[in-house]
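> Here the protein sequences come in this chain order: A and B.
Going by my numbering, 566 is the number at position 283 of the first sequence; the sequence numbering is gapless.
Going by my numbering, 438 is the number at position 155 of the second sequence; the sequence numbering is gapless.
Treat the hints loosely; a few may be bogus.
Below, in silico cross-link-like pairs of lysine-lysine (DSSO-like), each with a Cα-Cα straight-line distance of 27 Å or less [to be verified]: (1) 492/B to 319/A; (2) 507/A to 302/B; (3) 319/B to 492/A; (4) 302/A to 319/B; (5) 302/B to 302/A; (6) 374/B to 433/B; (7) 507/A to 680/B; (8) 292/B to 302/A; (9) 492/A to 492/B; (10) 292/A to 302/B; (11) 302/B to 319/A; (12) 319/A to 728/B; (13) 292/B to 319/A; (14) 319/B to 292/A; (15) 680/A to 507/B; (16) 507/B to 302/A; (17) 775/B to 715/B; (18) 621/B to 775/B; (19) 319/B to 728/A; (20) 319/B to 507/A.
Hints were generated in silico from the structure; no laboratory data involved.
2 protein chains.
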Amino acid sequence: MNETFEALKPRLDRIMALKTAMILFEWDNETLAPQKAARLTSNVIGILSGEYFQAVDDGQVRELVKACQGDQSLTEVEKAQVRELSKEQEKLACIPREEYQDFARLTAESTRIWQEAKEADDFERFAPTLEKVIGYQKRFAAYRAKDGEKKYDVMLADYEPGFDMELLDAFFATIKKELVPLLKEVQASKVLIRDDFLRGDFSDSQQEKIGRFLAEYVGFDFSKGVMATSAHPFTTNLHNHDVRITTHYNDNLDSSLFSVIHEAGHGIYEFGVRDDLTQTLVGEGASMGMHESQSRFFENIIGRNRSFWVPIYEKIREAFPQALTDIGLDMFVNAVNKAEPGLIRTEADELTYSLHVLIRYELEKALIEEDMSVEDLPKAWADKYEAYLGIRPETMKEGVLQDIHWSQGSFGYFPSYALGSAFGAQLYAHMKKEMDFEGLLEEGKVDRIREYLREHIHQYGKLKDSRQLLKDTTNEDFDPQYYIRYLKEKYKKLYHLG
Amino acid sequence: MNETFEALKPRLDRIMALKTAMILFEWDNETLAPQKAARLTSNVIGILSGEYFQAVDDGQVRELVKACQGDQSLTEVEKAQVRELSKEQEKLACIPREEYQDFARLTAESTRIWQEAKEADDFERFAPTLEKVIGYQKRFAAYRAKDGEKKYDVMLADYEPGFDMELLDAFFATIKKELVPLLKEVQASKVLIRDDFLRGDFSDSQQEKIGRFLAEYVGFDFSKGVMATSAHPFTTNLHNHDVRITTHYNDNLDSSLFSVIHEAGHGIYEFGVRDDLTQTLVGEGASMGMHESQSRFFENIIGRNRSFWVPIYEKIREAFPQALTDIGLDMFVNAVNKAEPGLIRTEADELTYSLHVLIRYELEKALIEEDMSVEDLPKAWADKYEAYLGIRPETMKEGVLQDIHWSQGSFGYFPSYALGSAFGAQLYAHMKKEMDFEGLLEEGKVDRIREYLREHIHQYGKLKDSRQLLKDTTNEDFDPQYYIRYLKEKYKKLYHLG
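Using the sequences and the accompanying hints, generate a full structural model.
Okay, structure coming up:
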C-alpha cells in the first residue's frame with residue numbers, strides 16, 4: 284500500500300466506525316427504541332457526531348488528504364476514498380462544529396416528534412421542530428455555497444451530484460407537460476380497473492411471511508440482512524454483510540407487497556457493493572437517485588410486471604385466500620398498476636408518482652429559496668395536490684405530515700425518487716435489448732436480472748457517479764425521454780388509449 | 284459547578300457516549316444482527332473500544348482526575364464519578380491498547396460462535412474461541428494484579444467489589460454444607476409435586492402477551508423500555524429512559540414466565556437510578572451481585588410467592604387454558620417451586636440454583652487459577668453435576684455450552700447470582716418487618732414493594748457499593764445465613780420436612 288494512504292487508512296477507518304455507530308443509533312431509533320428515550324439518547328448522538336466531525340475535520344487528516352491527492356501511485360479505490368473524504372472535509376469545514384452537533388441532536392429527536400405529530404394528525408406539534416430543522420439546513424447550505432451558488436442547489440448536490448435546479452426544472456417541466464395530460468386521458472378512459480380486493484383486513488403475520496418470501500425471491504439475503512417494522516419503511520446498512528430493511532403492515536395489500544420489494548431493491552444494491560469497498564467512504568450506493576433507481580426498478584419494472592407474477596402468483600393467492608381466491612393473475616396485475624390520483628406518495632402508482640415528487644420539489648424550492656413560512660406549508664401542499672392531482676388532503680397525516688424526510692433534514696432528497704424512476708426506465712430499455720427480460724421473469728430467473736445490475740451498477744459503490752454508471756451501462760447519457768416513453772406505452776396499453 | 288470538574292465533564296460525557304455506543308452494538312448483536320454480520324461489525328467495535336480506551340487513558344483526563352481527587356468542594360455525585368473513572372483508568376493503564384481492542388473485536392464475534400456451537404451441540408466448534416477468550420482474560424488479570432493478587436480475585440472484583448475468593452470459598456462452603464443435604468432430604472420426601480402441566484406447546488404470541496403483562500405488572504415501564512428475544516435472556520440499558528430486556532419462548536411455562544420477571548427486575552433497577560446519575564459512570568446498578576439480587580428478588584421472592592399470584596392467576600390460567608384449566612392456584616404455585624435437580628441453570632428452582640453456581644465457581648477457579656485446559660472442561664462439568672446434583676448432561680448444549688457468559692469473557696460473573704440471591708433473602712427478611720409483604724402482593728400492590736427497593740437501593744446507582752446498600756437498608760452487614768434460613772424454611776414447608 285502507498286505509504287501516505289497507509290497513514291490515512293486508520294483515520295478513514297475511525298471515520299467509518301463513527302459513521303456506522305450513528306447509523307445504528309438511527310436504525311434503532313426508528314425501529315425499536317422506547318418512546319421516551321430520544322431526549323437522553325440525543326446527547327449520545329450529539330457527542331458521536333462531534334467525534335465524527337472532528338475525525339473528518341482534522342489538521343493531520345487534511346494534510347494526508349492533500350498529500351494523497353497529488354499522488355499518482357494510489358489505486359483507483361484509494362483515490363475514490365480520498366475524493367469522498369475531501370468532499371466531506373470541504374462540507375464540514377464550512378459548518379461550526381457546535382452547530383453541527385446541535386443539529387445531530389435535534390434530528391435524533393425530530394423524527395420522533397414528527398411521528399407523534401403524524402399519529403395525532405397535528406401539524407402544529409411538528410411545526411416548531413420543522414422550522415428549526417429548516418433553519419439549520421438553510422444556514423448550513425449558506426455556509427457551504429460557493430460563488431453565489433443557490434442554497435437548494437447545495438442541498439441537491441448532496442443527494443445527486445451533477446443535478447441542479449436548472450436541470451431539475453427542465454426535468455420536472457417535461458414531467459408536468461407529458462404526464463399531467465396523460466393522467467387526464469387515463470381518467471377519461473372507459474376502462475375500469477378493479478382494485479377493491481387489495482384492501483382488507485390482512486393479518487400482520489401473513490403479511491410478514493409473504494414480505495419475507497418476496498424479499499428473498501428477488502434476492503434479499505437474510506443471512507446478511509434483516510427485516511423489521513417502522514412507521515416509514517426504509518433501508519440502511521452497516522456494511523455489505525449487514526443490510527436492513529423495514530416494512531409496515533396495513534390494510535392495503537399493494538402497499539404491503541411492493542414496499543417490501545422496493546426496500547429489498549435498496550438492500551440488494553448494498554449487498555452488491557464489492558468487498559474491497561465496503562466499510563469505506565465509497566462503499567455505498569452511488570447517489571440517492573441511483574439508489575432509488577434500483578429500488579424502484581425492483582418495485583415497478585420487475586415487481587409490477589405481469590411476467591414477475593407468473594411463477595409466484597398462486598402462492599400469493601393462497602396466502603390471502605379471502606382477498607384473492609376469485610382474482611386471476613391478470614386482474615391482480617392490472618389492479619397493482621391501476622393509475623389513480625391519491626394522497627399518499629408511497630402508495631402511488633407509477634404514473635402519478637412523479638407528480639407527488641414534483642409537488643415536493645416545488646415546495647422545497649419555495650421553503651429554501653423563497654423563504655415560504657412553515658405555517659403556510661399545509662395550505663400550499665393541499666393547493667398543489669388539487670392543481671396537479673385533482674384531490675385535496677382532508678388530514679395532515681394524509682398531507683404534509685406523510686413523509687419522514689423533512690423531519691430528518693433531508694431537503695433535496697425527494698427529486699431523487701423521480702430521477703431514479705427515470706434512470707430505471709433508461710436501464711430497462713437497454714436491458715431489454717441485451718436479454719429476454721420478461722422471459723427470464725416468467726422462468727423465475729430474477730437472479731439473472733439482479734446479476735446484470737450488480738455487475739453494471741451495484742458493485743461499484745461510489746466509484747462512479749450516477750451519470751457515469753448510466754453511460755457505461757447504456758452507452759448513453761441520461762435521457763428522461765425513456766421514462767416518459769415507458770409510462771406512455773405502459774398506461775396507453777393498460778387503458779386502451781390511442 | 285466546580286471548575287476542575289467542569290473541565291472533566293465533557294470528557295466524562297465522551298466516555299459515556301462511546302460506552303453507550305458499544306452497548307447498543309452488543310444489544311444489536313444479540314437480538315437482531317444478521318448471522319454473517321459479526322466479522323465486519325467487529326472491525327467497528329474494535330475501533331470504538333479503542334476510542335473508549337483512549338478517552339479513559341488520556342493524559343489530560345488523568346490530570347483532571349488527580350486534581351478532582353484532591354478537591355473537597357466536589358459534590359458527592361461528582362466525587363463518585365471521579366472515583367469510578369479513576370478505577371477504570373487504573374484498569375486500562377495496565378492493558379496494552381492493542382490487546383484491549385483485539386479482545387473487543389474477539390468478543391464481538393465470540394458470542395455468535397458460541398451460539399452456533401450451542402445450536403449444533405458441538406463444543407469443539409467453540410473451544411478454540413473460548414481458549415482465546417480465557418487467554419485474554421488471564422493476561423488482563425495478570426497485568427492488573429497488585430502485590431501477588433490472584434488473577435481470579437481481580438476478575439471477581441470487577442463484578443462484586445469487596446468479595447474475593449476467600450470470602451466466596453466460605454460462602455460456597457456454607458451453601459454446599461447446608462443445601463446439598465437439604466436437597467437430599469427433599470428428594471427423599473414422600474411429597475410429590477406435579478409440574479407436568481408446565482411443559483407443552485405454547486404459542487409464542489401468547490407467551491409474549493403474558494410476558495409483557497407480567498413485566499408491566501411488576502413495574503417495567505414500556506414507555507421507557509422494550510422487550511425483544513434472544514438466545515439467552517438478558518437486560519441492558521442505554522440510560523434510565525431506555526432499558527431493554529429480552530426473553531425467549533419455549534415449551535416450558537416456568538422458564539417463560541419467570542425469565543421475564545427476572546429480567547424485568549434488572550430493568551426496574553435501571554429505571555430507578557436517579558436522573559442526575561444516569562448517563563454518568565455511576566448511573567447503573569451498584570454491582571452484578573446487587574443487580575442479581577434485584578432480578579432474583581422479583582423472580583423468586585416476589586414472583587414465586589403464592590401471594591403474588593392471588594390477584595392474577597386467573598388471567599394466566601385463561602391465557603393457557605390447555606395447560607391450566609384444571610390446575611388450581613396452589614397446584615400452580617407448588618409446581619413453580621418444585622425442587623428437582625436439573626441440568627439447566629436458568630431453569631433451576633431456588634434450592635438447586637446455587638449449586639449450579641457453585642459448579643461454575645469451582646470451574647472458573649480451575650480454569651483461571653489452576654490452568655485447567657479447555658479440552659477438559661466438558662468432562663469436569665459433567666463430573667461436578669453428577670457429584671452435586673446427581674445428574675449428568677448427555678449433550679453439550681445442556682452442559683458446558685448452556686451459558687453465554689464465558690463467550691463474552693465474563694469470568695467472575697457467576698458468583699454474583701448466588702450472592703445476589705443471598706442479598707435478596709437478607710432484604711426480604713428485613714422488609715417483612717417493615718411492611719405486610721405478602722398482604723401487599725395479595726392486594727396487587729407490587730408498586731409499594733418496588734418503591735421501597737427504589738428508595739433504598741435503585742436510586743443510588745453506584746453511589747454506594749452492595750455492602751453499604753445492604754447495611755443502610757437492613758442495618759446489618761451481609762449475612763448469608765438469611766439465605767440459608769429462607770431456603771430451609773421454604774422447602775421444609777413445601778416438602779413437609781421436620
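> Can you give the numbers of the hints that this structure goes against, from lowest to highest?
The structure breaks none of the hints.
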